[in-house]
Structure formats: C-alpha cells, structure tokens
Amino acid sequence: MQVVGQASEAPDLKDHQPAVKTDPQWFIMGGVVSIVGWLALVPLGFLVWQSFRTPDTARKPAVWTLQNYWEAYSSSETLVLFMNSVQFAAGTAVLALVIGTALAWMTERTNTPLKPLFYALSIIPLIIPGILFVVSWIMLASPKIGIINLVLQGLFGTDTVYVDIYSMAGMIWVDGLHYAPIAFLLMTAAFRAMDPSLEESAMMSGASMFKIFWNITLKLAWPAVAASFLILFVRSIESFEVPALLGLPVGIQVFTSSIYDAIHSYPSNIGLAAAYAITLLIITMGGIYMQSRLTGQGGKYSTVTGKGFRPRTIDLGRWKYLTLGIFIVYALFVVVLPFLVLLWSSLQKFYSVPSMEALKNVSLNAYSTVINYPSVGTAVWNSFLLSIGSATTVMFLTAIVCWIVLRTKIPGRWILDNVASVPLVLPGLVMGLAIMVCYLTIGGGVYGTIWIMFIAYVTRFMPYGMRYNTTSMIQLHKELEESAAMSGASWFTSFRRVVLPLLKPGLLAGWIYIVIVSVRELSSSILLYSPGTEVVSIVIWEMWQNGQYVELSAFGVMLIATLFIFVMMAQWIGKRFGVKEA
Amino acid sequence: MLTVRGLNTEYPSQKGPAVKAAQDVTFEVPAGKFFTLLGPSGCGKTTTLRSIAGLERPVSGEIVVNGRVVFSSERKIFIPPNQRNFGMVFQSYAIWPHMTVFANAAFPLEVRKNKMSKSEIREKVMRVLSAVALEQYADREATKLSGGQQQRLALARALVMEPELLLLDEPLSNLDAKLRDRMRFELKRIQRELGITTIYVTHDQGEALALSHEIAVMNEGRIVQVGPPRTIYEHPRTKFVAEFIGTTNFIDGVVLGFDEPAGRWKVRTPAGDLLVSTDSALTPNMRVTVSIRPEDVELSDDATTSGSTENVTSGLVDQKVFLGDFVDFQVQIGDFMLLSRAHPSLRTPIGETIHVRMNPDKCVAIPEDSSARAAA
Chain A
1 MQVVGQASEA PDLKDHQPAV KTDPQWFIMG GVVSIVGWLA LVPLGFLVWQ SFRTPDTARK
61 PAVWTLQNYW EAYSSSETLV LFMNSVQFAA GTAVLALVIG TALAWMTERT NTPLKPLFYA
121 LSIIPLIIPG ILFVVSWIML ASPKIGIINL VLQGLFGTDT VYVDIYSMAG MIWVDGLHYA
181 PIAFLLMTAA FRAMDPSLEE SAMMSGASMF KIFWNITLKL AWPAVAASFL ILFVRSIESF
241 EVPALLGLPV GIQVFTSSIY DAIHSYPSNI GLAAAYAITL LIITMGGIYM QSRLTGQGGK
301 YSTVTGKGFR PRTIDLGRWK YLTLGIFIVY ALFVVVLPFL VLLWSSLQKF YSVPSMEALK
361 NVSLNAYSTV INYPSVGTAV WNSFLLSIGS ATTVMFLTAI VCWIVLRTKI PGRWILDNVA
421 SVPLVLPGLV MGLAIMVCYL TIGGGVYGTI WIMFIAYVTR FMPYGMRYNT TSMIQLHKEL
481 EESAAMSGAS WFTSFRRVVL PLLKPGLLAG WIYIVIVSVR ELSSSILLYS PGTEVVSIVI
541 WEMWQNGQYV ELSAFGVMLI ATLFIFVMMA QWIGKRFGVK EA
Chain B
1 MLTVRGLNTE YPSQKGPAVK AAQDVTFEVP AGKFFTLLGP SGCGKTTTLR SIAGLERPVS
61 GEIVVNGRVV FSSERKIFIP PNQRNFGMVF QSYAIWPHMT VFANAAFPLE VRKNKMSKSE
121 IREKVMRVLS AVALEQYADR EATKLSGGQQ QRLALARALV MEPELLLLDE PLSNLDAKLR
181 DRMRFELKRI QRELGITTIY VTHDQGEALA LSHEIAVMNE GRIVQVGPPR TIYEHPRTKF
241 VAEFIGTTNF IDGVVLGFDE PAGRWKVRTP AGDLLVSTDS ALTPNMRVTV SIRPEDVELS
301 DDATTSGSTE NVTSGLVDQK VFLGDFVDFQ VQIGDFMLLS RAHPSLRTPI GETIHVRMNP
361 DKCVAIPEDS SARAAA
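If you're matching them up, the sequences are chains A and B in order. Numbering-wise (our numbering), the first sequence opens with residue 1 and increments by one. Numbering-wise (our numbering), the second sequence opens with residue 1 and increments by one.
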C-alpha cells in the first residue's frame, strides 16, 4: 500500500520522472484489481455457465442445455417454493423490523430504565451462531421435546401441542428474532440521524403524542424503514439454517433448502441447484438494487440543520415500566432462554427436559466428550486460521481498493468499487455453489483443501471490509496527509505516523466484525468442506445430524463463551488504546 | 405578560451529580415586548427558553403567562408543550422535509382540537405566508427552499397559530452574514407590527442590541444584568457584561475619593487619575475596574481642541490598524495600553505623542467584588 501512495503523492511529477519509478504502483494496483475481479466475478460466471450444462458423467460428457431451467420452472412445486420463500422472507423481515424499530425507539427516544444495559444486550445475539440459535429454539418449542410445550402441558394437564416450531410461523419466529438486532441497529442509526427538534416543533404546534408519531416520526423514518425492510428481506431469503433445520423436516421448502437438497440428492444435480441459485440471485439483486435506490433518495429528506443534536428523550411517565417489560421479554426470548436451554442440555448425559430427576444427572461428561471429539480440535484450529486469515486479508485488500477508489483519479475506479461489492448480493449458499463449480471445473488443487474456504470467506466478507474502510477513509481528510508531507515527512513516514493511526479504529472494528462472522459462517462452508477441513459451525451441523444434542450443547456453550470473551477483550483493547467504535 | 420566577433546571449526567443549567432565573416580560436572553454557550439561556416552551421540566420555579400558570413546582403544575399555544422557531428551523411549504405552515391549525374549515385554514396560512413573503412558494417542497426561506417558513409556522408567546432559539445563527443582517430587520419589523411578546435566545450581542426592548445577560446559569440595550452597553454592571457585549478597555484602579466639584468619584489608575460614573456604591480605597469602550476614547493631535479638561492625558501611538470606516489605535499611557477607535481622518504616525480624553460619563467603575461574583 505504501508503494501505491508513494507514487501518487506526487502525481504532477509523473511527467518528469522515469516511468520505472511508478512501476510498483501499477503492479500492486493491477494485482489488487485482478484479485478482486477474479474473486467477485469468475465464480459467478461459472455458476451461470453451470446452470446451462447437463451433468458431466463417465458415460456422457456435459452438453449445453435448458433442461435445468425447464426442470426448475415446469413443476408446480416451483410456485409453492417461490411463495414459501417470499412468505418466509417477508414475514421474517416484518417481525424483525417491528421488534427492532420498537426497541430502537425505546432506547433512542424514551427514558426507559436500564437503557445502556439493553443496548449491549440487544447486540449479543449478533455473536451467537445462527445454527445454535435455531437448535436452542428447537429445544424450547418443538412439539415433542420443547420445554415450552411440556411446561404448558404440565400446567393444564393436557397433551395439546401449544407451539410447533416446525412450521412456517415457527420459522418466521426464530429467524425474525435472530435478525431483530440488525433491524435494531439500522433503526437506531435512523433515529439518531433525525433532528429531535422536528418532533419538538410538532409538539409546539399543539400536536398530540400520537399525531407526532404518525405524522412526523414515522413519515420521516419511512425511507429508513423501507430500506431496512429490503435488507432484512434479502438476508432472510438467503438464510439457510432456519429453513434447513425447521423447514426441511416437515417439507416446507424455500430456495436455499432446495439448492442444498439438489446438491445432496443422489445423484447430485448441480445444474438444477445452479438454476435455483440464479433465481435466488435475481431476487436478492432486485432487493439490493431497490434498497440502494431508496438510500440514494435520502437526500430529499435532509434539511438544513444546526450543530450536533443534543440527545433528548420523551418522559414516558408510568409507561416506562411497560417498555422495560418489553425489553425484558425480548432479552428472555433472544438471549436468556436460548442460552439457558443450551447450558441445561450440556450438563446432561442424555438429552432430557428439565425436571428434579434430571437435575440429579447433572454432569460435565459432555464437555470432556466434546474436547476429545476427533473433529473438534481440527475444526477449532481451522476456524481460528480461517477467521484470522480472512479478516486480515480482507481488511488489507479492501484498504487498497478503497484507497484507489477514493484517493486516485484513475478513470473507471467506481467500477472497482462496485465489483468489490458484488458478493453482497450472493447468498452464502449460492457463493459456496459458485466457488465449488468454479474450482471443480478449473482444477488447481484448491478444491478439498482449506484454501477453497479461505477464498470463499475472503470473497464473501470483502463488501464488509469495503464498508469499514470507506467510512474511515472518507473521514480522513486529504489535508492531513498533505500537511504531513509539507512538514517534511516522506510518504512512508506520513503513512505510518498519520494515516495508519487514524485508520486503525476502522481497520480494527472491521477486522473484529469479520472474525466473528467468519466463525459463524455455515452456508458457504457446508458446500465446500471435506473431511479434515471442517470448521466449528460444520461440527455443530454434523452433531445435529447425528443426534448428539448433549455434545452439541456443550460445544455451543463453549463457543458462545469464547466469542463473548473475544468481543469483550476486543472492546477492552479498543478502549485501552483509544480506538473508538467506527 | 410572562413571569419567570426562581427557575432551576438540571441535567442528569452520566456520572456524578446532576449538572445545573439555569439557576434561580427570574425575570418579567411586559406584553408586546421583545426580550432577549443573551450569553455564551452553556450559560443556560436555551434551557430557560425550553423550560418556558415546556420541552424541559425545571426542578423548581414558576412560569406564568397571561395569568395562566404553565409551570409551578410548588403547585405541581406542568402544562405539556402541545397545550401551551406558544410558537417556537428552532435553531435548525425543524422544517418537516416530507411536507410542502403550505403543509408545514398549516400543520399547527390541522392538529388543533377545535377544527377549522379547510378554507379558513387556507386563508390563515396564505395570510401568514405572505407576511413572510413566501406565498408564491406555497406548493413547493419545503426542502427546495433556501436557508433564509426555510427560516421564514419556520417563523410563519410559529405565527400561524396566533401564539400567546413567540419563542426564538438562535434563529439567525445558521444564516450567512449578509442574510443574517437582512433577516434581523425583517424579524424586527414583523415583531413590531404584530406586537407579539417574543423571547429570543442568542449568543450574538449584535443581534441582541439590534432587536430587543430588553436584554437579560446570562452567565453560568444566572442572569447577571437585565436592562434596555443602551443601558447594558453603556453601563455594564460587571466585568463579564462589559467584556461580553462589545470590546472594552479594563483599567484596574483604586478609588481615591469623591470629587465634590466634578460630582464624581475619582479613581487612581495606571492611565492616570480618572473621574468615573458608576451604578455601584463606592468607598475610598476600594479596588475597582474602569471600563471604557474604544469608541469612547477620544484622540486628537492637539491638546487645545478638546473642550473639557476632565480625564485628559497623553500617550504614544504604539500601533494602528486601518479598517476602512475607522482606525484602531493602540496608545501607550505610562505602562498601560489603551485601545481606541478613531475616525480615519486621524493620521498621527506611530511613535508620536497623541492626546487622549476619556469622557467621565463613559468611564464605568465596576467594583472588584461584583466582577468576582459574575465569574463565580
């Protein structure tokens, strides 16, 4: 990166200096551009290609065909599949948005007690791997072993099934709860950006609380609400854990589970999976496109504003105990109950529901089993390598990309920006499929090693790195670099003493985020792993398939604890060394 | 009309005890007057205004408007802001970006309890829009307006409800300098024409002097002086007021005694013995600060031209700065550096002797303890 800057620091000198001087710059830039282009575009090309090919077998070589699409769209099941997907994604998005908006409003705009605590609590679910969340809700609300059903049945002396997690409603419930923190963060940002005096002036005009909320707050937040809905819709139509664990057993198919089914049926039908994947891709592209259009329009809603807003809250009076109650219920559903049920089951020899009798069987057996479990050690090591490796690679790769996009005048640099963001529209499963097809076809010995997962992770999380780096680099005024140069610092010195320290918060925040999402990653890994290259989420998946619920719980508890400690440590280090949240 | 008595406000702070904002703020505004709360940022002026509006709930005190108690800590009365019927213009204007100009101005009439007919609303809104010269923009989106137009729209929205009280929170601070000067006249004209009782908050002394019937200067949560603009400017009662409003020379000295023939107190200062005027009770040997504005320091090349012999001395021209419509002189009298603002026709070169006269009416003696209190 330093070499890149060195040459461009004196762009007007370029004419007078020998071309050799600028060579390293072009070499590095060219390298980065080709890496980004390769990662983002080539697998996608292979995916499209694959969807028009017949399976390549020993007896028959592959030929061009429309058969895959015919198969995907001719059956009446496709309509059901489409409706299921849309229903699931829309339901999840609405649920998450309602919960997230309510919580965001309460923490940002009201005087609900214990707010800071709940702000921290609302974000914890982001570090819990999705598959663990789903498993814990199965233990809570499955018709046979679900604790909620058993408690209610015991209470009323019936055997009615009160809640059934294996249903469309159950899927929406679990995924909606899981995505609520994202909605919460998005809406918090929206409320923070809103000038409170817009509401206050309505109040001075004599409007009632309800009229203010309806005519002002909600209308102003509308672009944010719509954009958040689209983001959540795309996220949930991509989500794999919930449809696979809750939908597949009872035959509720959505696109992601169908792709997985098509690959894992015998003989595996990769062409059909690719055809489904393309359809899913078109839906997510549409969603992201509409969302970016909406966000682009945001300027229309901005007005001349004064200095920074003083945070002002509404006095809810006695109602604040109601909002506190809502907070507590949310925390119960999203953090406390799921974790407790995992903890409970991890302390058993065989899975059983909580009772006085089961309490006598409490043991730490499961933990020792897990530690000695053959693939656990490998998986933990693999996850460690992959998360650290991909986070570091992504942050530095995207730092260079951002630098090119923001600091140079190279024509067409916006294309680079967009290309690096392409993976954003690829659902994890589709990404896994595309990369699988790509490296199976071109060979190169990557398939079946840990490197293919590394490639998948770097590709998948590249857009996150872009976002973190762009944010901090935009804030870094060019004059800061220039004044260092005017003070006599060489480019390398000014980069090391001025630019890097100022970029550090963004780099570190992005790095931590990518480490966490890498550890949680399941939907790409599930198509790419092979014996010996398992990662932690895959081990959990396998344990679930084998019915090793007790061991799964023990492993889950340890994983959550580790991630929690990691986040705490990262925050502590951040505070200690003056790194603020970007 | 408006009476504020013993107002105290507090902010809950993240750590430690609550932060006190306004402390024991008391003042009265007669009907139809333009009253300004003036002070540096963080002096509690905005908090006081927001307490009158009802957007903040003071810890103690009482606010009465037209005989109606809108807040009283003793009698536990707090009328919510949406029932007070006060118009308010916010610093950020708070124009609703999702509405047209007309809809913004019509909002207060549409949300009120006793509904008006559509035509009645239309008529009232158009009347107020034409008062602020925005009638031709009625159907425009509010965000398409310029800064000055948004500001006028905010004013129109506050006026359309025919409020008992108009509250203005630094409404000019987001405008550029030229526009600000124009809006200053505009605001004054509208207020004087409608005769609406107005409370204005600003940190800009120029605005306060130009607009107000009466000014309350605030510092660190307290009102330090209340009075008409001219009194505040010419007879500051504390060092803080003298310094905050305009530029001034502070000359520290000791009271010599009462000079019977002049009918004034005499103060010994590094710039010579000065006859002073004062609002405070002085005693001999009291330490005082004499404040005199640069434009009240009269300079001349030649000693004979000045009529009076009181407070006349001479010094050396140390520095001068030409500013077009006037020249700033720095004159050295003994060890003291005196700043003076003179007509550009005065061309005494640097290093030459110059004669100085300080009109005793303009030399205001401020006892040291009063300035200490203002700083506390």
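Hints should not be assumed to be uniformly reliable.
Unchecked claim - Straight-line Cα separation of at most 25 Å, BS3-like style, residue types lysine-lysine; simulated pairs:
| hint | chain 1 | residue 1 | chain 2 | residue 2 |
| --- | --- | --- | --- | --- |
| 1 | B | K320 | A | K219 |
| 2 | B | K33 | B | K20 |
| 3 | A | K360 | A | K349 |
| 4 | B | K239 | B | K362 |
| 5 | A | K115 | B | K20 |
| 6 | B | K115 | A | K211 |
| 7 | B | K20 | A | K219 |
| 8 | A | K144 | A | K115 |
| 9 | B | K76 | B | K118 |
| 10 | A | K219 | B | K144 |
| 11 | A | K360 | A | K115 |
| 12 | B | K115 | B | K144 |
| 13 | B | K144 | B | K33 |
| 14 | A | K575 | A | K504 |
| 15 | B | K320 | B | K266 |
| 16 | B | K76 | B | K124 |
| 17 | A | K211 | A | K349 |
| 18 | B | K266 | A | K219 |
| 19 | B | K188 | B | K178 |
| 20 | B | K188 | B | K266 |
| 21 | B | K20 | B | K320 |
| 22 | A | K409 | A | K144 |
| 23 | A | K211 | B | K362 |
| 24 | A | K144 | A | K320 |
| 25 | A | K211 | B | K178 |
| 26 | B | K124 | B | K144 |
| 27 | A | K409 | A | K320 |
| 28 | B | K115 | A | K320 |
| 29 | B | K20 | B | K76 |
| 30 | A | K211 | B | K320 |
Said to hold, decoys possible - Listed below are several chain B residues computed to face chain A (Cβ distance under 8 Å; list not exhaustive):
| hint | residue |
| --- | --- |
| 31 | R112 |
| 32 | M116 |
| 33 | L179 |
| 34 | R180 |
What the hints assert, rightly or not - Covered by chain A, according to a simulated footprint, are these stretches of chain B (three or more residues, beta-carbon under 8 Å):
| hint | region |
| --- | --- |
| 35 | 92-98 |
| 36 | 156-168 |
In short, the hints are calculated from the structure, not lab data. Quick reminder that beta carbons are idealized off the backbone N, C-alpha and C, glycines included.
Against the structure, the hints:
1. B/K320 with A/K219: Violated: B/K320 and A/K219 sit about 59 Å apart, past 25 Å.
2. B/K33 with B/K20: Cα-Cα ~29 Å, so violated.
3. A/K360 with A/K349: Between A/K360 and A/K349 the Cα gap is close to 11 Å, so the pair holds against 25 Å.
4. B/K239 with B/K362: This hinted pair holds, its Cα atoms lying about 15 Å apart.
5. A/K115 with B/K20: Holds, at roughly 23 Å.
6. B/K115 with A/K211: Holds: B/K115 and A/K211 sit about 15 Å apart, inside 25 Å.
7. B/K20 with A/K219: Given pair B/K20, A/K219 is violated - Cα atoms ~36 Å apart, limit 25 Å.
8. A/K144 with A/K115: violated (37 Å)
9. B/K76 with B/K118: Status violated; Cα separation ~38 Å.
10. A/K219 with B/K144: holds (18 Å)
11. A/K360 with A/K115: Cα-Cα ~39 Å, so violated.
12. B/K115 with B/K144: violated (29 Å)
13. B/K144 with B/K33: The hint is violated at about 34 Å.
14. A/K575 with A/K504: Distance ~13 Å between A/K575 and A/K504 Cα, so the pair holds.
15. B/K320 with B/K266: violated (30 Å)
16. B/K76 with B/K124: With a Cα-Cα distance of about 36 Å, the restraint between B/K76 and B/K124 is violated, given a limit of 25 Å.
17. A/K211 with A/K349: Violated: A/K211 and A/K349 sit about 57 Å apart, past 25 Å.
18. B/K266 with A/K219: violated (68 Å)
19. B/K188 with B/K178: holds (16 Å)
20. B/K188 with B/K266: violated (41 Å)
21. B/K20 with B/K320: Violated, because 44 Å separates the two Cα atoms, which is more than 25 Å.
22. A/K409 with A/K144: Violated. A/K409 to A/K144 sits at ~63 Å, over the 25 Å cutoff.
23. A/K211 with B/K362: Cα-Cα ~56 Å, so violated.
24. A/K144 with A/K320: violated (38 Å)
25. A/K211 with B/K178: Given that 25 Å is the threshold and the Cα spacing comes to 38 Å, the pair is violated.
26. B/K124 with B/K144: holds (23 Å)
27. A/K409 with A/K320: violated (54 Å)
28. B/K115 with A/K320: Cα-Cα ~32 Å, so violated.
29. B/K20 with B/K76: Roughly 21 Å separates the two Cα atoms, so the pair holds.
30. A/K211 with B/K320: violated (61 Å)
31. R112: holds (5 Å)
32. M116: Violated, about 12 Å.
33. L179: violated (12 Å)
34. R180: violated (14 Å)
35. 92-98: holds (count 7)
36. 156-168: Satisfied; 4 residues make the cut.
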